[in-house]
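Asker: Could you put the whole structure together from the sequences, leaning on the hints where they help?
Protein sequence lines correspond, in order, to chains X and U.
Position one of the first sequence corresponds to residue 1 (our numbering), numbered consecutively onward.
Position one of the second sequence corresponds to residue 1 (our numbering), numbered consecutively onward.
These are computed hints drawn from the structure, not numbers from a lab.
Computed from a prediction, not measured in an experiment: that's the story for all the values here.
Certain hints may be false.
Copies of one chain are not kept apart here, so a pair can be met inside one copy or by any two copies together.
Stated by the list, open to error - Within a straight-line C-alpha distance of at most 25 Å, the following computed DSS-like cross-link-like pairs (lysine-lysine) qualify:
hint	residue 1	residue 2
1	Lys209	Lys33
2	Lys33	Lys66
3	Lys31	Lys209
4	Lys101	Lys145
2 protein chains.
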Amino acid sequence: MSANFVKNALGRLVPTEVNGVPQVPYMGVGKHKPTGRKYAPQIVSCSDFPDDGNKTVATLKDALIKSGLRDGNVISTHHHFRNGDLVAIQIFDIAKELGIKDLVWVPSASFECQAVLTKYLEDGTIHHIEGSMNGSLGRFTSQGKMKGTGILRSHGGRYQAIQDGEVVIDIAVIAAPTADAFGNATGDRGPAACGLLGFALADSQYANKVIVVTDNIVPFPCYPWQIQGNYVDHVVVVDKVGIPEKIVSGTTEVTKSPDRLLLAEWTAQFCDEAGIIKDGFSFQAGAGGTALSIGIYFAEILRERGMKSRWARGGSNKYLVKMLEEGLLDYILDGQTFDLDGVRSMRENEGHVNTSPFTSYNYHGKGNFASMVDVVILGATEVDVNFNANVVTHSDGVLLHGIGGWQNCIASKCTILPIPLFRDRMPVVRDEVTTICGPGELIDVIVTERGIAINPLRKDLIEKMKNSKLPIKTIEQLKQEAEAICGIPDKPKFTNKPVAVVKWVDGTIIDTVWEIDNT
Amino acid sequence: MSANFVKNALGRLVPTEVNGVPQVPYMGVGKHKPTGRKYAPQIVSCSDFPDDGNKTVATLKDALIKSGLRDGNVISTHHHFRNGDLVAIQIFDIAKELGIKDLVWVPSASFECQAVLTKYLEDGTIHHIEGSMNGSLGRFTSQGKMKGTGILRSHGGRYQAIQDGEVVIDIAVIAAPTADAFGNATGDRGPAACGLLGFALADSQYANKVIVVTDNIVPFPCYPWQIQGNYVDHVVVVDKVGIPEKIVSGTTEVTKSPDRLLLAEWTAQFCDEAGIIKDGFSFQAGAGGTALSIGIYFAEILRERGMKSRWARGGSNKYLVKMLEEGLLDYILDGQTFDLDGVRSMRENEGHVNTSPFTSYNYHGKGNFASMVDVVILGATEVDVNFNANVVTHSDGVLLHGIGGWQNCIASKCTILPIPLFRDRMPVVRDEVTTICGPGELIDVIVTERGIAINPLRKDLIEKMKNSKLPIKTIEQLKQEAEAICGIPDKPKFTNKPVAVVKWVDGTIIDTVWEIDNT
Chain X
1 MSANFVKNAL GRLVPTEVNG VPQVPYMGVG KHKPTGRKYA PQIVSCSDFP DDGNKTVATL
61 KDALIKSGLR DGNVISTHHH FRNGDLVAIQ IFDIAKELGI KDLVWVPSAS FECQAVLTKY
121 LEDGTIHHIE GSMNGSLGRF TSQGKMKGTG ILRSHGGRYQ AIQDGEVVID IAVIAAPTAD
181 AFGNATGDRG PAACGLLGFA LADSQYANKV IVVTDNIVPF PCYPWQIQGN YVDHVVVVDK
241 VGIPEKIVSG TTEVTKSPDR LLLAEWTAQF CDEAGIIKDG FSFQAGAGGT ALSIGIYFAE
301 ILRERGMKSR WARGGSNKYL VKMLEEGLLD YILDGQTFDL DGVRSMRENE GHVNTSPFTS
361 YNYHGKGNFA SMVDVVILGA TEVDVNFNAN VVTHSDGVLL HGIGGWQNCI ASKCTILPIP
421 LFRDRMPVVR DEVTTICGPG ELIDVIVTER GIAINPLRKD LIEKMKNSKL PIKTIEQLKQ
481 EAEAICGIPD KPKFTNKPVA VVKWVDGTII DTVWEIDNT
Chain U
1 MSANFVKNAL GRLVPTEVNG VPQVPYMGVG KHKPTGRKYA PQIVSCSDFP DDGNKTVATL
61 KDALIKSGLR DGNVISTHHH FRNGDLVAIQ IFDIAKELGI KDLVWVPSAS FECQAVLTKY
121 LEDGTIHHIE GSMNGSLGRF TSQGKMKGTG ILRSHGGRYQ AIQDGEVVID IAVIAAPTAD
181 AFGNATGDRG PAACGLLGFA LADSQYANKV IVVTDNIVPF PCYPWQIQGN YVDHVVVVDK
241 VGIPEKIVSG TTEVTKSPDR LLLAEWTAQF CDEAGIIKDG FSFQAGAGGT ALSIGIYFAE
301 ILRERGMKSR WARGGSNKYL VKMLEEGLLD YILDGQTFDL DGVRSMRENE GHVNTSPFTS
361 YNYHGKGNFA SMVDVVILGA TEVDVNFNAN VVTHSDGVLL HGIGGWQNCI ASKCTILPIP
421 LFRDRMPVVR DEVTTICGPG ELIDVIVTER GIAINPLRKD LIEKMKNSKL PIKTIEQLKQ
481 EAEAICGIPD KPKFTNKPVA VVKWVDGTII DTVWEIDNT
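Answerer: Here it is in structure tokens:
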């Protein structure tokens with residue numbers, strides 16, 4: 001890539017062009033005003049689809065060929081099967097077999113089970129990935145080995161980009177735990193039940209061709225139908241779409257680490273003292289052990305005081321489900337289920353609602369759920385003294401994580417990051433983060449095991465906490481404490497080659513991920 | 001209107017231009033292939049909407065002004081409140097007060113309670129109506145009094161037209177029995193519960209500005225949310241959106257007329273002998289007394305044989321609900337509830353599913369539900385010897401009805417019209433219908449009290465019924481019997497001025513409604 005670079009509103013150097021497409025640099029929260037129109041898919045006609053609604057074709061290969069698979073196509077998949085996905089790799093195996101080149105893969109997230117796709121990035125079957133590049137795929141990208149430049153988007157940013165036509169998907173392949181021959185599909189039942197299919201909603205609405213792949217075909221109608229058959233071209237029945245035991249992955253148990261428990265306790269106490277926990281409040285916590293523990297503290301407080309939360313945003317898990325079932329919570333507005341209790345609850349409980357990045361996160365809508373959440377609790381790999389935070393690279397500069405819903409969630413009324421002050425003797429609070437994923441103005445509170453820093457912009461929170469017994473410190477104090485223990489960290493060494501860009505929720509570029517310099 | 005006219009594929013004279021917009025004449029079933037792209041609404045940004053999700057404004061007038069109401073705007077409403085609607089008239093009262101002119105009203109259907117709007121058609125506040133013109137509004141139109149030309153569309157055709165940008169809605173006003181301040185809305189609960197809000201779906205998705213009006217505001221989230229707040233600009237809380245006792249209107253009891261009961265019995269018997277009624281079959285019957293009675297016959301047959309229907313398309317009513325509750329039916333895929341049992345069932349029963357014209361009827365989708373239905377039972381004002389049928393005008397030429405879902409439904413695997421052979425001594429089966437709404441090739445069976453005619457195209461049905469004891473006759477025989485009793489009817493007299501056009505499901509013009517000649 002021989003693009004020019006400009007400094008964006010956060011002072012980060014970002015390319016003016018990515019993969020040949022002109023880009024807008026990040027301009028500040030709410031500053032970039034879109035002027036165009038949404039992407040307009042081709043009008044189709046029922047006369048080109050079977051009257052009896054039976055859209056099944058024999059194999060995924062047939063479906064891809066019927067969908068016109070060719071060089072340079074943009075292919076999308078969703079990640080609701082997480083590390084148990086069995087479909088994405090098949091697509092590229094077929095493409096390789098057919099001699100197709102330069103595909104763009106747009107997963108809603110990638111997982112380690114897809115690490116094998118590096119071979120197709122190497123042989124030119126895949127040109128580049130637009131989506132999270134976790135683990136091995138991230139390391140591959142950081143090493144400058146990907147032909148094109150990666151584009152990282154949040155879940156909401158992905159919806160925005162597809163809706164706005166920044167990404168035009170040629171073929172969406174939607175793996176579904178249950179579907180009918182018309183293409184209606186649900187994630188909440190079937191042998192590979194994964195909860196919901198919301199990450200594939202934009203794909204179904206805007207892709208030129210849509211293929212549903214299922215291992216559990218039921219007579220019409222498949223209901224609920226989070227994916228509507230009226231958007232679907234072909235249905236393929238396979239033996240197995242996902243490995244159930246790997247669908248539920250990640251940390252699903254509360255932490256036992258004393259440090260993490262302290263973070264959880266302090267975070268809950270902070271929320272309580274700041275008046276956030278009250279009857280009818282709303283919250284979102286991630287899937288990690290700390291976040292799970294915070295949810296348990298919230299539940300205890302509500303139970304004791306005879307209050308309840310009106311709604312929580314999922315990722316759902318057994319703790320959230322328990323709150324719903326106990327009546328401590330009216331609704332779980334769920335974006336992805338993190339364990340089997342979440343899947344069961346979504347299937348059984350009307351208060352456990354499947355949502356999508358459109359309802360929850362899309363910044364180019366008439367509002368979304370994320371900004372209405374009273375408090376959101378998230379992680380970060382690094383935070384700087386301006387409260388800017390990083391979630392995609394580590395302090396060694398290597399791209400190892402996707403953004404997920406993180407950028408979208410920090411729009412909440414109060415964003416708290418409970419994080420260790422250092423990891424492996426590397427300070428987490430520092431002068432400058434390796435990659436800015438979220439601007440500091442949206443991050444309100446940092447909770448570490450050595451103290452809590454409130455963003456100076458949040459004078460209201462500082463005022464509320466002025467008599468607290470919690471160890472309120474400045475972010476600079478936290479940084480100094482970290483450096484006193486670990487020393488001042490070296491900055492990672494990069495070449496001047498961008499390997500990926502990080503989009504903000506409005507489609508602008510907030511930062512660049514650079515090639516690791518191994519010399 | 002000084003448009004030119006052409007003969008379409010059914011030999012009907014249709015204008016090449018309506019209200020200044022070029023038109024495509026009907027070309028035959030499935031013959032018109034759309035080439036364009038769907039309508040692309042302006043991209044919006046959350047930065048222009050309140051972070052806390054509270055979109056309430058004080059009055060409908062404020063909301064209309066904030067939405068930029070001005071001369072020539074296209075304003076849409078839905079008809080789920082049927083004859084109990086209290087919102088549509090208010091919109092035009094406000095427009096009149098503000099001195100706005102030449103509005104286009106696009107209701108999903110109009111009702112007699114809106115007859116008062118003729119005054120705004122007369123004074124220029126409303127230029128013309130695109131939507132059903134029932135009763136008084138239809139008569140007004142037939143008399144040539146509407147400034148512009150009316151456009152009649154089926155429910156599916158309305159979705160198609162909005163999706164394809166043939167109708168660009170400036171402001172959609174969605175009256176909702178329950179909503180939250182973000183604009184999520186449902187029809188299944190609240191003091192004016194009307195069942196569902198599916199007819200407003202396209203409006204919410206494609207209108208430039210969307211206003212939700214409710215008399216029952218609930219804390220976020222309003223769930224279910226058939227209308228999603230992410231599409232909504234403003235929310236208005238009023239005292240009363242609908243008159244509950246008038247929401248449920250139309251015939252909701254089985255017929256007691258011996259002639260109608262005979263039609264019902266023969267229709268059910270026909271379906272049974274033709275092998276249509278079998279385990280897992282699907283059906284749709286309208287709301288009239290005859291149709292209700294047919295449903296009861298179907299239920300009896302299923303009960304006796306220990307079979308069940310997989311799904312029925314609603315308009316739902318207490319008889320359909322009873323089948324669902326009795327286990328004779330797995331799913332009601334409902335487009336509108338016709339009585340309070342329907343509303344209750346939709347609220348309570350997971351098998352009673354709210355649908356929309358998108359899922360059920362839109363011809364410019366990747367299939368729809370209507371063509372999958374095994375048998376559909378509908379009415380008609382007239383049928384001709386080529387099985388062409390009319391549902392909008394009477395034999396005196398006056399426009400008195402909307403199309404509803406009728407055009408969409410005749411895509412089913414078997415379309416049966418149980419109709420009286422004559423009404424008020426006017427033959428219903430005739431040489432030529434006054435207005436063609438559906439082409440004969442899609443109408444399979446005519447059941448009258450004097451005999452049953454099978455469309456000669458359906459050789460399979462003729463073969464199946466060849467040993468039936470039912471009085472199978474030709475359509476010509478039926479016509480002759482009607483004329484033997486009533487005489488050959490006079491044709492209505494028209495001027496050469498078109499007052500409305502009837503669109504086919506693909507947006508082409510299937511026929512013209514002409515001004516009544518009263519000279």
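Asker: Does each hint fit the structure? Answer for all of them.
Answerer: Each hint tested on the structure:
1. Lys209 / Lys33: Result: close only across copies, 18 Å inter versus 30 Å intra.
2. Lys33 / Lys66: Only across copies: Lys33 and Lys66 sit 19 Å apart there, 39 Å inside one copy, limit 25 Å.
3. Lys31 / Lys209: between (34 Å within a copy, 22 Å between copies)
4. Lys101 / Lys145: Cα proximity of Lys101 and Lys145: one copy only (16 Å, versus 63 Å across).
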